[in-house]
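**Q** What follows is the residue order along each chain.
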Amino acid sequence: MKFKRLFALLSAVALAGTALAKDIELLNVSYDPTRELYVDYNAAFAKYWKAKTGDTVSIKQSHGGSGKQARSVIDGLRADVVTLALAGDIDPISEVARLIPADWQKRLPHNASPYTSTIVFLVRKGNPKAIKDWDDLAKPGVAVITPNPKTSGGARWNYLAAWEFAKRKLGGDEQAKGFVAKLLKNVPVLDSGARGATTTFVQRGIGDVLISWENEAYLALKEFGADKFEIVTPSLSILAEPPVAVVEKVAKKKGTLAVATAYLEYLYSAEGQDIAGKHFYRPIDPKAAAKYAGQFAPIQLFTIDEAFGGWSKAQKIHFADGGTFDQIYLKQ
Amino acid sequence: MSTRSARSILPGFGLSLGFTIAYLSLIVLLPLSAVFLKTSGMTWAEFVAAVSSPFVISAYKVSFFASLAAASVNAVFGLIVAWVLVRYTFPAKKIVDALVDLPFALPTAVAGIALTTIYAQTGWIGRWLAPYDIKIAYTPIGVFIALTFIGLPFVVRTLQPVIEELEPELEEASATLGASRFQTVFRVILPQLTPALIAGTAMAFARSLGEYGSVVFIGANLPMKTQIVPHVIYEKLEQYDYRGATAIATVMLVTSFVLLLLINLLQKWSRRYNKI
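Residue numbers (our numbering), protein chains in the order written: chain A, 1194 to 1525; chain B, 2 to 277.
Please note: incorrect hints may appear among the correct ones.
Label pairs and their calculated CB-CB ranges [to be verified]: (1) Ile135(B) / Gly1269(A): 57 to 63 Å; (2) Glu1458(A) / Tyr213(B): 52 to 58 Å; (3) Ser1505(A) / Ser41(B): 25 to 31 Å; (4) Gln1488(A) / Tyr213(B): 55 to 61 Å; (5) Glu1229(A) / Gly13(B): 44 to 50 Å; (6) Lys95(B) / Gly1334(A): 50 to 56 Å; (7) Glu1218(A) / Leu262(B): 17 to 23 Å; (8) Arg1291(A) / Tyr213(B): 28 to 34 Å; (9) Ser1265(A) / Trp45(B): 46 to 52 Å; (10) Ala1336(A) / Phe105(B): 33 to 39 Å; (11) Ala1336(A) / Lys95(B): 51 to 57 Å; (12) Ala50(B) / Ser1505(A): 19 to 25 Å.
In the DSS-like style, the derived pairs of lysine-lysine whose C-alpha atoms are separated by at most 27 Å in a straight line are [what the hints assert, rightly or not]: (13) Lys1322(A) / Lys136(B); (14) Lys1240(A) / Lys1524(A); (15) Lys1524(A) / Lys136(B); (16) Lys1215(A) / Lys1378(A); (17) Lys1509(A) / Lys39(B); (18) Lys39(B) / Lys1370(A); (19) Lys1318(A) / Lys1378(A); (20) Lys1261(A) / Lys39(B); (21) Lys39(B) / Lys1318(A); (22) Lys1240(A) / Lys39(B); (23) Lys1261(A) / Lys1215(A); (24) Lys39(B) / Lys1332(A); (25) Lys1480(A) / Lys1415(A); (26) Lys1480(A) / Lys1299(A).
Just some of the chain A residues that point at chain B, by a computed CB distance under 7 Å [as the list claims (entries may be wrong)]: (27) Pro1285; (28) Ala1290; (29) Thr1344; (30) Gly1371; (31) Val1395; (32) Arg1397; (33) Val1425.
It should be emphasised that the hints constitute simulated quantities derived from the structure, not laboratory data.
The model shown is predicted, which means the values in this text are computed figures rather than measured ones.
Built from N, CA and C at the ideal position, the CB exists for glycine as well.
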C-alpha cells in the first residue's frame, strides 16, 4: 500500500517534470574524423532545440575506429544515435543486436547519409615522390600510410577505391588484386583507425603519402599548415556515404526518441549542411553544395553499389577471414 | 604432539580458505570460464581452424620471441639494477628506486605513445638512427623495446628482497677461502638468486605475452610481420568474430598457465638443488 502511494507520488513528480523544461542528454557514437564536425554541430543543434522546445540538450560524443564503435554499441554502450563511417558498420547493430530497425537506411533521406566524402591523398609539400594518381602508390620506393581495413571503416573505402581504379585500368579483378598487393607492400604501418594513420603520417613523419578521408586531409592541412602538406586528388575515387541512424531501442528506453530523431534530421537542414561543408564534408543539399564546391577539386566518383554490389558483398569478398586482404598478406 | 604442531596459533583457517576460494572464483575464475564457455560452442574443426590460421601462427611467434627476448634482457639488466639498488648507496637513490616502478604505474598506451615519439624517425633517438637506415618504431625491435620497458619492474622487484637477505659474510668467506671474484659471483651469489631470478623473469615474460596497449602504438601491426596475438584477438572482435577471438584467447590462457606451472616447478627444483 505504502509502496503504491510512493509510486504514484513519484510518477506525479515525473509527469510534472515533463511539463517543465527538461535537461536531456544524448550520446552520439561516431567514428574517428568527425570530432570537430560534431563539436560544432552539437552546439548549433542545442541552440535550435532550446529555441524550439525550451529544453536544454547536451550531447556527448564518442569517437574511435568505426568498427570498434559499432561493437561498443552492440555490447551495450547506450548510444542514442550512431553516425558511423559506413553502412556496413551500422548493419550489425541492426542484425546482431537488433537495436536498430532493418530498414534504417530508408528512414532518413539520401540513404541516411546527410553528407558524403571521398578518398584523396595527402602528400608532403612539393610532392617529392610526384604522386598524381593511384598507380603511383604501387611503385617501389613509395611508402603509403593507410589503416587496417579489418578495423577501420576509412581503410575499407581506401582499399576498395584502389581496387576499382586498378580494375578499370588493368582490366579485371585478378589484376586489381595484384595491384593492391603491390600497394600494400608499400605500407609500413597499419594503424587501427583513420586518426591514428593521420598521426603516423603527420606527426611521426612516416610515409610519403597518406590515403585519407577528404575531410580529414583538409583538416590536417588546416591544422598543421599548408606549408607542410599538399592534397592530391586522384582521377577516380569512391563516393563515401557515412550514414547515421537512431538507435531506436536504446532511445525509446531512455525516452529520447523524439530529440534523437530531430538531432539527425537537423543534419539535413540548411544550418546542418553548412556546418558539414565548413568541415570539408560534401553537403548533399544543392545550395550548400554549391557554396562549398570551390573547396574541392573535381573528381570522378563511383559508388560502392555500382562497383561492388553493396557493403555486405564487398565485406565478404575482401575483408572477412580468408578474403582478398588476407590472401594478399598470406602471399607476402 | 603431532596434533599440536598442526594447529595454528590463530584460528580461522576454514573461514579464510572459504573467502580465498570465493574471491578467486569471482575475480579470476568466473571471467576466464566465460572464455572457455564461449569457445565450447565451436566444433573441434572450427576451433582448430581459428587457432591455427597462418596469421595466428605468425602472431604466436612474434609474441613469444619478442617476449622471450625482452624477458632475457630484463633478467640480465634487472639483476644489475636490483643489485645496485640494494648494495650501494648513492645520491638520489630513492628517486632511482621509484623510477623502477614507473612502468607499473604508467598506462601502457602512454608508454607506447612516448616510446613511439622517441623512436620514430622524427623523434629524439630515431632522428639519429634514421641516416643509417636503422628503424626501431614500427619494426619488431620496437615491439621488443616496449616489452622490455613493461617487464623491467617484475625482475627488479622480485630480486630486491632476496638480495637484501643475502649475507655479505658469505662473500667475505668465499674471498678469504681463496675464491676469485668470478667464482664468488657465479658459485656463491648467483645460485642463491636463481629461484627469484627465474620467478621475476617468468612474470615479466608472462606479462609481455599479454601486453597490448604499448605494442599497438610502437609496432606496425602488420599481419605476418609484427602483429602480436592480442592484436589478432582485437581484430577478430572488430569483425564481430567473438568465437574466433575467444578461441585464440583460450590457447593463450592454457599456454600461459602451463608455462607458469612449469616455471613454478623449475623454481622449486632449483631451490632444492641449491640448498646444500
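**Q** Each hint should be assessed against the structure and marked as holding or not.
**A** Status of each hint after checking the structure:
| no. | hint | in the structure |
| --- | --- | --- |
| 1 | Ile135(B) / Gly1269(A): 57 to 63 Å | violated, 46 Å |
| 2 | Glu1458(A) / Tyr213(B): 52 to 58 Å | violated, 40 Å |
| 3 | Ser1505(A) / Ser41(B): 25 to 31 Å | holds, 29 Å |
| 4 | Gln1488(A) / Tyr213(B): 55 to 61 Å | violated, 40 Å |
| 5 | Glu1229(A) / Gly13(B): 44 to 50 Å | violated, 60 Å |
| 6 | Lys95(B) / Gly1334(A): 50 to 56 Å | holds, 52 Å |
| 7 | Glu1218(A) / Leu262(B): 17 to 23 Å | violated, 49 Å |
| 8 | Arg1291(A) / Tyr213(B): 28 to 34 Å | holds, 30 Å |
| 9 | Ser1265(A) / Trp45(B): 46 to 52 Å | violated, 32 Å |
| 10 | Ala1336(A) / Phe105(B): 33 to 39 Å | holds, 36 Å |
| 11 | Ala1336(A) / Lys95(B): 51 to 57 Å | violated, 46 Å |
| 12 | Ala50(B) / Ser1505(A): 19 to 25 Å | holds, 22 Å |
| 13 | Lys1322(A) / Lys136(B) | holds, 21 Å |
| 14 | Lys1240(A) / Lys1524(A) | violated, 55 Å |
| 15 | Lys1524(A) / Lys136(B) | holds, 24 Å |
| 16 | Lys1215(A) / Lys1378(A) | violated, 55 Å |
| 17 | Lys1509(A) / Lys39(B) | holds, 24 Å |
| 18 | Lys39(B) / Lys1370(A) | violated, 35 Å |
| 19 | Lys1318(A) / Lys1378(A) | holds, 24 Å |
| 20 | Lys1261(A) / Lys39(B) | holds, 20 Å |
| 21 | Lys39(B) / Lys1318(A) | violated, 51 Å |
| 22 | Lys1240(A) / Lys39(B) | violated, 47 Å |
| 23 | Lys1261(A) / Lys1215(A) | violated, 32 Å |
| 24 | Lys39(B) / Lys1332(A) | violated, 45 Å |
| 25 | Lys1480(A) / Lys1415(A) | holds, 24 Å |
| 26 | Lys1480(A) / Lys1299(A) | holds, 23 Å |
| 27 | Pro1285 | holds, 6 Å |
| 28 | Ala1290 | violated, 10 Å |
| 29 | Thr1344 | holds, 4 Å |
| 30 | Gly1371 | violated, 18 Å |
| 31 | Val1395 | violated, 10 Å |
| 32 | Arg1397 | holds, 4 Å |
| 33 | Val1425 | violated, 22 Å |
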